[in-house]
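S.K.: If you want the building blocks of each chain, they are given just below.
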Amino acid sequence: MDKNEVLRIYREMLVIRLFEDRAGVAYMQDKIGGYLHLYIGQEAVACGLISALQPDDPVIASYRDHGHYLACGADINEGMAELYGKATGCSKGKGGSMHLFSKEHRFYGGSGIVGAGIGLGTGLAFALKYRQQKGVCLSFFGDGACQTGIFHESMNLASLWNLPIIFVIENNGYAMGTSVDRSSSEPEFYKRAAAYRMHGERVDGMDLFKVRETADRLIPEVRETCRPVLLEVMTYRYRGHGAADPGNYRTKQEVEEWRQRDPIGMVESWLLKNKVIKEADVKSIHAEVQAEVEECLRFAEESPFPAPEALYEDIFA
Amino acid sequence: MPVITYREALRQALFEELERDPEVFIMGEEVAQYQGTFRVTEGLLDKFGPQRVVDTPISEEGFTSLAVGAAMMGLKPIIEFMTINFSIRALDAIVNHAAKHRYMSGGQFGAPMVIRAPNGKGERLAAQHSHALESWFLYMSGLKVVLPSTPADARGLLKAAIRDPDPVIFLEHAALYSTKGEVGTEDEIVPIGKAAVRREGKHVSLISYSRMAQMCLRAAETLAAEGIEAEVIDLRTLAPMDEEALRATVARTHRAVVVTEENPVCSAASEITKRIYGLAFDELDAPVELVTGPDTPLPYSRPLERQWAPDETQIIEAVRRTLARAS
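Here the protein sequences line up with chains A and B, keeping their order.
For the working numbering, add 387 to where a residue sits in the first sequence, where the first one is 1.
Position 302 of the second sequence, counted from 1, bears residue number 288 in the working numbering, the numbering being contiguous throughout.
None of these hints come from the bench; they were simulated from the model.
For glycine and all other residues, C-beta sits at the position ideal for the given N, C-alpha and C.
Possibly wrong hints are sitting among the right ones.
[To be verified] To be clear about the criterion: a stretch of chain A counts as covered by chain B if any three or more of its residues have a C-beta under 8 Å from a C-beta of chain B, and this derived list gives those stretches:
1) 466 to 479
2) 486 to 499
3) 513 to 523
4) 542 to 548
[Stated by the list, open to error] Here are the simulated DSS-like pairs of lysine-lysine, each with C-alpha atoms no more than 30 Å apart in a straight line:
5) A:Lys660 / A:Lys670
6) A:Lys490 / B:Lys145
7) B:Lys33 / A:Lys521
8) A:Lys516 / B:Lys33
9) A:Lys516 / B:Lys145
Model the full assembly from the supplied sequences, consistent with the hints where possible.
M.R.: Have a look at this one:
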């Protein structure tokens, strides 16, 4: 990665971090309701992988989708407005946190159903192949989704039919409160690829450089060969599963240990050490990011709720 | 006009629509090399190749979810389930995704796909292969539900379904595949959401769809011999339902018998009845009668299965009950 790209992604990760943090605050104020699954700690995964894509390569994620939405380049104001349920939201207020979509930025959504993006993503890859477009689909999901039937069926279909998809497991160690060890007969998920004669590998998801290096190696190969890949990314979420999760299933010490390897901190150190930026730049970048996030909060606050007629709109074309 | 089977009418529609639009493809178990378990897709693999007529492993949830993803990108999948009973494995893809994507995405992504399957009671296929599930799909906002009863409607409605930008559940019937009828050769679509008056009458309305609509016509012939003129309405589509047709027929006859081949509880028949009361209560001279199967799974043994099935006798008895009520 060149230095400017690292700087760009650093800023992008900061935006996601602050967006999520402020969304968490807004949730406590009941400005955002329902479920809120924050991506804090996992920024290097979405940013590292999506930054390696071509503009038309489709991306699909789970309910923990705000980071992917933003990493696809979708509008931050529309994202926050969607969380607030406003008419100016990316989904016109009809979807909410788990259902951010952006056709313009080829983000095919979050889903409230665990594993949904695995099956749908296989279809996105199928469409690329059908149209003889040299594309690659990235489908992001969690460790919990690896136990679903749709995981198994999709791996088989993708491998059998040579579909250009990278199945990205964001393994943060827990499906809600259930650890990987309590749910998986084979907890080293990347090994499951062998059952489908697919390539599987594992990478450290707290290290942006490693994630991006892996992406730069795998994505062109998938594009050329149409052989799917199972990529397990080891990562961690600092907050609970959802906003209301007290997190009793893990220790404060464990969370602290992962924080020591904060992905944003690592990139910041690299940028300083390689003299791409100075300490003063860190402050100004933070200030810019803050201003951007403040603006999206203001936009969300001031936007109107959907009109009553909207209840009946977009059921059919 | 040529006389062809319902099966052949479907096949023609598939042929013509695959030819017309390169983004249309067929996917399902045994649809390609096996030529289809009911032979509806016979010959399509030879003509269009394995990229457009795709044999799948036994992965209903997997391939239906794949189809919904492909439809998000604008392709037009036609999914075939060997029987609608196997759609149960794929309900998440159909209900949580295909039906809801347009709404949840604020109109950005739809699901222009067709799901086809034989629906309802076969012959001694036993409980797991005999369910009529139209009410499940009727219940879901965001799905269209179509059930043709004639070869002409099979062809015209399948064309309409394939061209529809929204997900259409296209329910066929094993007992109808070999039935024959006149079918035009023009590129004609039959509009989704419009009922057909199969027979005009003034004494009672028999309201039905699919195989039972054909049975209602036979019951009407029997009744005519006694001087009872039954009007037969073939709804053809359950969602969106032709409410004007329901209102108009009850306004003409003042008596209604709803006939379906379902379990009774929360059935499409009960929904049709509810709508009739809402649309035309003041026109009714008698309560609406419902003729459905009983509240049991389908038994294997032939006489028990015969006992389960709604038949002409039950339809005629229902008509007599409505007529026994003084106006």
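S.K.: A separate judgement is required for each hint: does it hold in the structure or not?
M.R.: Status of each hint after checking the structure:
Here the segment 466 to 479 of chain A counts 4 residues with a CB under 8 Å from a CB of chain B, which clears the bar of 3, and the coverage holds. As drawn, the segment 486 to 499 of chain A meets chain B at 8 residues by the rule of a beta-carbon pair under 8 Å; at three or more, the given contact holds. Requiring three or more residues with a Cβ within less than 8 Å of a Cβ of chain B, the coverage given for the segment 513 to 523 of chain A holds, as 5 such residues are present. Counting residues of the segment 542 to 548 of chain A whose C-beta sits closer than 8 Å to any C-beta of chain B gives 3, which meets the bar of three, so the coverage hint holds.
At roughly 16 Å between alpha-carbon atoms, Lys660 of chain A and Lys670 of chain A fall within 30 Å of each other, so this suggested pair holds. A threshold of 30 Å between alpha carbons decides the hint, and for Lys490 of chain A with Lys145 of chain B the separation of about 28 Å falls inside it, so the pair holds. A threshold of 30 Å between alpha carbons decides the hint, and for Lys33 of chain B with Lys521 of chain A the separation of about 26 Å falls inside it, so the pair holds. At most 30 Å may separate the alpha-carbon atoms for a hinted pair to count; Lys516 of chain A and Lys33 of chain B meet this at roughly 20 Å.
The suggested pairing of Lys516 of chain A with Lys145 of chain B holds, with an alpha-carbon distance near 25 Å, which does not exceed 30 Å.
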